[in-house]
Amino acid sequence: MTTLSRRTFGKLALGATTLAAPMGFTRNGWAQGKEIQIGIWGGSQGEFVKKNIIPAFEKDFGCKVTAEEGFTLANVGKMRATKANPKFSVMFIDDVAIPICKTEGLIDQLPSADMPALANLYPRFGFDGWGTALAISVASMFHNTSITPPGSYADLWKPEYAGKLKLVSPKNTPSVFFLIVAAAVKSGKPFAEAQYLVDDSFDKVAALKPNIMNLFDNGPQAAAEVAQGQAEIGLLELSKYIYPYTAKGAPVTMSFPSEGSFAGNNCQVLVKGAPNKDLAVAFMNRMIEPAVQKAFSEYALTAPPVSGIEFSAETLKYIAYPVEEMDKRGLFTPDWEYINAKRSGWTEKMNGIFAV
Amino acid sequence: MNETVSPLLKVVVGIILLIVVAPLVVPLLMSISDTPFIVFPPQGFTLKWYGAVLANPEARASFLFSLELAAIVTGVSLLLGVPCAAGLTRFKLPGQDAILGLILSPLIVPLIVTGVALLQLFAMLGSRATLLQLVIGHTVVCLPYVIRSVSASLLLVNRNLEDAASVLGAPPHIVATRVIWPQVRPGILAGGIFSFIVSFDDYPISMWLADGNHFPVPLYLYTVIERSFDPSIAAIASLMIFFALLLVLVIEKVFGLSLARLAS
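So the sequence lines, in the order shown, correspond to chains A and B. Numbered according to the working numbering, the first sequence spans residues 1 to 356. Numbered according to the working numbering, the second sequence spans residues 1 to 264.
A few of these clues could be false.
With a straight-line cut-off of 30 Å between C-alpha atoms, the simulated BS3-like cross-links for lysine-lysine are [unchecked claim]: (1) A/Lys317 with A/Lys342; (2) A/Lys186 with A/Lys342; (3) A/Lys50 with B/Lys10; (4) B/Lys48 with A/Lys51; (5) B/Lys48 with A/Lys248.
Since the hints were made in silico from the structure, they are not lab data. In this text the structure is predicted, and so the values were computed from the model without any measurement.
Construct the entire structure; sequences and hints are all you get.
Written out as structure tokens, the structure is:
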């Protein structure tokens, strides 16, 4: 048996400490040199993530994050196509797609023990542990500031609005909000009940056709067109696409009819079998940290899903925050599991009604 | 040639050109508007949107990457497409129609389907080489344009001239370079131009295969439109119009391309 002298042991200990130093003394040393690919949104949110959040995260963790800008349907498609050998670790999608991803086995539950920032997340934005919201927009009507918008959605069916409305395209998620509005106007019931009556409300949808000038599939473009007076009112769109123009001084803003408004929840999910899962979880945790959420929300004019953030009065003009304010405004989140099962049929019917 | 063109034809051609070209003036006018959002007609005059686009590192990187990608794809498409077209037009091969149908199939299948299928294939292979994936994806789409264009010019080659050159003692490489090449050059050039433009403009294939470090112009344009609909978008569109014009002028100057030669 070899025996070590005290001096030899001391040298070995010193050498081992020296070798381990880069890992032990560097904050987040475990992440050094690791790389993840994430799918994010385009728009101002994507711009902020790429230019501000990712560079700071890479610096803190000594890692590389490659972000690919896209949109919910494309991001879900990418997860499906790479399911056998996942390429992405984190995906940004809307809440509408979370039940689909869960059912298809595309995402994993979040390891809450490794995400201390979850402590501040409002429970309603936790999706039973299958993701978290990142930003909440209000979906409602938007109009040129030269007109007085109607106080009720029901008024939009009146002949005085003939050819003056822009309607969101059936391929965009807010078109579902419009169908629920039509069902609510026809039945006189609140959104929570009306969402289950959409199948019987397409005659009401068709009755609005004479008032529709055209359909739009790009929110910022529609906001610019309404600002120029090409149409008086647009329905419906998320506040994150409209308020940046309002803040720039364009003559367009949003209004909130008496029936209520909708919540548009932008979320993040953890891809099943994610490469470098530990780094992916750390990134998701970073995304919901209060300091990041405050800056992110102020840039994109969206509400954060976490509690305890202070905003200026100017920012609060554009967002529904905190959660009590969301409740006060009656922000409605549809039953996406029910709607997803019906959506393709509804899209087909809408296309049939509004096709040229 | 002293063919006279009727005045009526000139008027009709003029009207058609006006209809085709007039919409291009709209982004040019919108790009000089001194407003924080797009308006038409423009209000005020400024060139700051051009400055903003040219100074934007993201825009520059996307533009240079698209140029690089389109150049590589054009080279690869010509390397594969010209021999393929020659083989298909000059020889009788078993299953020739099936081969041609397979090569031209990307023109029939929606590109978005081709793109997602390629992404699935590359994921199964465990590939992370984004540039290589994009080159393969774009080449699949561009190859039919090269093969169709080159095949058409090869079919129009006067075989009697080749026979005459051979009979007069010209070796095969001289026949190829001095007899065949001048006749097929416009077709190859047209195929190359189509290939470059299709690759440069491609969105559906790139949407599936690109990543943050390899982000072509069409994808960048889409993200900019999503970010904010300000006149910088019109400035990018105008720069692309200028670039296309410049490309045509350079080709005309360097290769002596003319409508008559392409049509021949």
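These are the hints, each one checked on the structure:
1. A/Lys317 with A/Lys342: Not satisfied, since the Cα-Cα distance of roughly 35 Å exceeds 30 Å.
2. A/Lys186 with A/Lys342: This hinted pair holds, its Cα atoms lying about 19 Å apart.
3. A/Lys50 with B/Lys10: 53 Å, violated
4. B/Lys48 with A/Lys51: With a Cα-Cα distance of about 22 Å, the restraint between lysine 48 of chain B and lysine 51 of chain A holds, given a limit of 30 Å.
5. B/Lys48 with A/Lys248: 17 Å, holds
Hint check: violations occur at hints 1, 3; the rest are consistent with the structure.
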